[in-house]
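Number of protein chains: 2
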Amino acid sequence: MINKLIENIKKTNAPIVVGLDPMLSYVPEHVQKAAFAEYGETLEGAAEAIWQFNKAIVDATYDLIPAVKPQVAMYEQFGVPGMAAYEKTVAYCQEKGLVVIGDIKRGDIGSTSEAYAIGHLGQVQIGSKKYSGFHEDFATVNPYLGSDGVKPFLKVCKEEKKGIFILVKTSNPSSGEFQDQEINGRPLYELVGEKVAEWGEEVMGDSYSYVGAVVGATYPEMGKVLRKVMPKSFILVPGYGAQGGQGKDLVHFFNEDGLGAIVNSSRGIIAAYRQEKYAQFGAENYADASRQAVLDMVADIDGALKAR
Amino acid sequence: MINKLIENIKKTNAPIVVGLDPMLSYVPEHVQKAAFAEYGETLEGAAEAIWQFNKAIVDATYDLIPAVKPQVAMYEQFGVPGMAAYEKTVAYCQEKGLVVIGDIKRGDIGSTSEAYAIGHLGQVQIGSKKYSGFHEDFATVNPYLGSDGVKPFLKVCKEEKKGIFILVKTSNPSSGEFQDQEINGRPLYELVGEKVAEWGEEVMGDSYSYVGAVVGATYPEMGKVLRKVMPKSFILVPGYGAQGGQGKDLVHFFNEDGLGAIVNSSRGIIAAYRQEKYAQFGAENYADASRQAVLDMVADIDGALKAR
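Each protein sequence line maps, in turn, to chains A and B.
When you line the first sequence up against my numbering, it's residues -4 to 303, in that order.
When you line the second sequence up against my numbering, it's residues -4 to 303, in that order.
Each hint can be trusted.
A pair counts as met if it fits within one copy or between any two copies, since identical chains are not told apart.
Using 25 Å as the maximum straight-line C-alpha spacing, the simulated SDA-like pairs for lysine to any residue come out as follows: (1) Lys124 to Ala278; (2) Lys125 to Ala29; (3) Lys5 to Lys301; (4) Lys146 to Pro182; (5) Lys125 to Phe31; (6) Lys125 to Glu82; (7) Lys219 to Glu172; (8) Lys50 to Pro23; (9) Lys50 to Gly122; (10) Lys83 to Glu109; (11) Lys83 to Thr37.
Honestly, the hints are just simulated from the structure, not real lab data.
All chains, please: the whole structure from these sequences, using the hints.
In structure tokens form, the structure reads like this:
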């Protein structure tokens, strides 16, 4: 799947991923109204609203982008109907040829981690049959539990040719509380980065590993170091746009081949119509605003990469 | 909810929690067969099988125990129908008066962490109405992202009088890879433990905080230290039984008041009928085997506490 991700990036010339993290407050009123008219102000109604919202944004942007990253928490908050909307979103994006990175940040141990890996990337055996529960192409994984938590994911990735992105240095202000703590003179995130490189060696695609890393756009200097620590790992970079990261901060996350990083924007794309910059589209045309925001983001990153 | 947990522990005189982590392989064939007869060998069939399995175990043990801890990964592997079985299990256990600790190990940042907190412990606003998606009483939380990931949970815990258990030192063999790394001469897990104590001060119940910690039974010496670092935090202790922890290892996790810890057993209880010790019950009477395993576990811990 890392090979397909790279192929999609080359085809679109856009090393970006659209974060499908639909807060209900992002969904324009006319979309909410239509959903509530059908299902009432219920979990099912909310799930329908975010699904319709997603669908229109995917329809308006899929030809420009290689991948999407639905944030499962935004669906999980709507209970079981929300999880159904998540699965429907994953399936729809795959139909459109997009690579789907499930931002699930799961992590547990042994058979439990294997259950997560199976549920999201693999197939579960039921009697004589096999099923793929949420069938994303990649998943994000939390490393706090160590190799016992990661290895079951590696096993499933190998079997299914899928991939993971392991949290190394997250984009948030307090990420340093634990991640930056110095261990023998080097920060914890570097130690995690080294393990990512090590785990990644076991499951190599054509030029990059099935095992990538998450490193926030808000920490470009750390990105520079981590790029070297994990040369064969794709870096999923959150924190662009709404969280403060800019195109010029991102160049350090890429390798000389122009690959090696994929930059996420969520709010900045899916709720673009609420920004002054895209206000002329109006709430009715929110998906067109998202398309324009994608074009602007691609140009920003392309410009920064060309200027380096 | 911490007050209710303590009340339940005092009532049952059993500082234990039954881990409802149903692998399909634990579910006796007659239960699987009945479920597949109704729903086929499908995700729905598997979800029905684990729900019926859970229900019988809860019916056979609820008068002896204060709490259950369903491991969401075991449900998530069966996709959306699995998540529905999870929710149904949570609701049923609550009807029986049990405190439900959702072992979800979630953790993200800002509004995303808030979405998890709302989905599992709080209420989501949909138009003029509010809904509780998975409505557990406690949830486990991964601390790797720092305060930004934890504070949204604290906010929801305060509003809803619910609680969390933060991963501090997990029970698995490789937990030390990152958690034991020394920072200024002290291991990372101690630093996390200090933050747990600090976060916990904001949300106090009558005698213990809404914020607890997860510390594995397999590391009793570390438990001893952490007990002192977080005096007002309940410790959820996995790793008893199948993972190798024994009654005598557990005394250090408790405070002088005989409270402060709750010991989990999953496989050891729910799959007791597969152990030689309980084989006489037979697969047909798996729930009775679970009841006996609960009685034995309570006696083991009680004996160890009395002997200290």
